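Peer 1: If you read the protein sequences in the order shown, they are chains A and B.
Every number in the numbering used here is 690 more than the matching position in the first sequence, counting from 1.
Every number in the numbering used here is 780 more than the matching position in the second sequence, counting from 1.
These are calculated hints, taken from the structure and not from any lab test.
This one's a predicted model, so the numbers in the text were calculated from it and none came from an experiment.
Every residue, glycine too, gets a C-beta built ideally from N, C-alpha and C.
Each statement offered as a hint is correct.
Just a sample of chain A residues kept apart from chain B, beta carbon distances all over 12 angstroms, derived:
#1 G806
#2 K955
#3 M970
The list that follows gives simulated cross-link-like pairs (lysine-lysine, DSS-like), each with its CA atoms no further than 27 angstroms apart:
#4 B:K816 to A:K916
#5 A:K916 to B:K796
#6 A:K716 to B:K816
#7 B:K796 to A:K715
#8 B:K823 to A:K916
#9 A:K716 to B:K796
#10 B:K796 to A:K710
#11 A:K892 to A:K862
#12 B:K816 to A:K914
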Amino acid sequence: MSEGTVAKKQKLSVPFDYDKYLRPKKLPHIWCPGCGHGIVLKALLRAIEASGLNKDDICMVSGIGCSSRTPGYVDFNTMHSLHGRAFAFATGIKFAKPNMKVIVITGDGDALAIGGNHFIHTCRRNIDLTVLVYTNAIYGMTGGQYSPTTPLGDIATTSRYGNIEPPFDACKMAEAAGASFVARGTAYHTLELEKTILEAIKHKGTSVVDIIDACPTYYGRMNKYKSATHMMEVIEKDGTVSVKQADKLPPEKLEGKLLRGVLYKTDRPEYCEQYATQVMGKATGK
Amino acid sequence: MGEAALKLPNIRINEKLCKGCSICVDFCPTNVLEIKGTVVAVKDLAACTRCQLCDLRCPDFAISVID
Ligand SMILES: Cc1ncc(C[n+]2csc(CCOP(=O)(O)OP(=O)(O)O)c2C)c(N)n1
Ligand code: SF4
Ligand code: SF4
Ligand code: SF4
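Could you build the full structure based on these sequences and the hints that come with them?
Peer 2: Written out as structure tokens, the structure reads:
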């Protein structure tokens, strides 16, 4: 089903007053023409509206990278931290203010390369954070070095002859490490992404959404994509299948495709609650 | 047919924010939009079905379609 048809079937969340959640004076944002990060941000803002959360009860935390520039444009409590360290800062904020909805914005490089260890232990603790990983298969900000999600054989400034490092799947890693909500979306399927992010926001525990989006400037140009649109069609539309459709498809149709939608969800004790009851409760004799 | 059915949509373009990436032009199912110079422009307003795809996929908060 095309997004247009979905739009007609679903109660439409557009036109939408994005300004309500933005710092409009900070626009235009720094992202290049066609960069997927802006499309993802719009889906996130619509999901936040649907969640009914108050702006002041949200804290958005990021690391470093083009994706991590996101908090600079939004009117929540925000923190732009250090490369790979968004999880550590977010953990501190959540711990100090357990009623705050803490949303982590991170790139595939930020979360899975330099921040990989923090990512794993955030998931293991199942601390209540909403984690959005903007997966564009490249280090955009620093000029197009390959990342842990760059496909085999692809060109980056650090893999001129083709990448020889096998990529890993952020969703599988999050699930294995203990995250209690794991999902994937794309910028192309923007209404579906909005719903997935809303589910992630509502879930208690570490909620990871791996979001496939495009860096036309580096990944796109080096790998011979004609435009941002071309990348969205090939990588995001043709390169993914929704979990709902996947059951009905023969294995050969699923080969090489990433699954979209909620991939794993469970109820598991959340870290801040455990700390309050198991540690503080015992220490104070209550 | 009532008045409302004949009313043309209002496509708002913010030229200060548009970066001319062409995503909205490429995905519009009825060819309403075009790139003129460095930004998007409306070519055929009557063809617009208000499907909202242009707004949904614009990365730059630069286009919206009101009623
Ligand atoms: C400690 C440290 N090491 C390296 C860098 C340089 N650096 C800045 S952003 C970045 C990668 C960003 O890639 P990603 O997180 O995928 O975000 P994108 O720019 O693609 O959105 C790197 C290596 C840094 N800022 N700090
Ligand atoms: S370099 Fe890539 S990721 Fe960074 S803003 Fe440009 S298109 Fe987006
Ligand atoms: S609302 Fe749909 S038909 Fe109208 S301009 Fe936008 S994409 Fe085209
Ligand atoms: S998608 Fe947005 S930024 Fe790109 S050409 Fe259309 S209005 Fe301009």
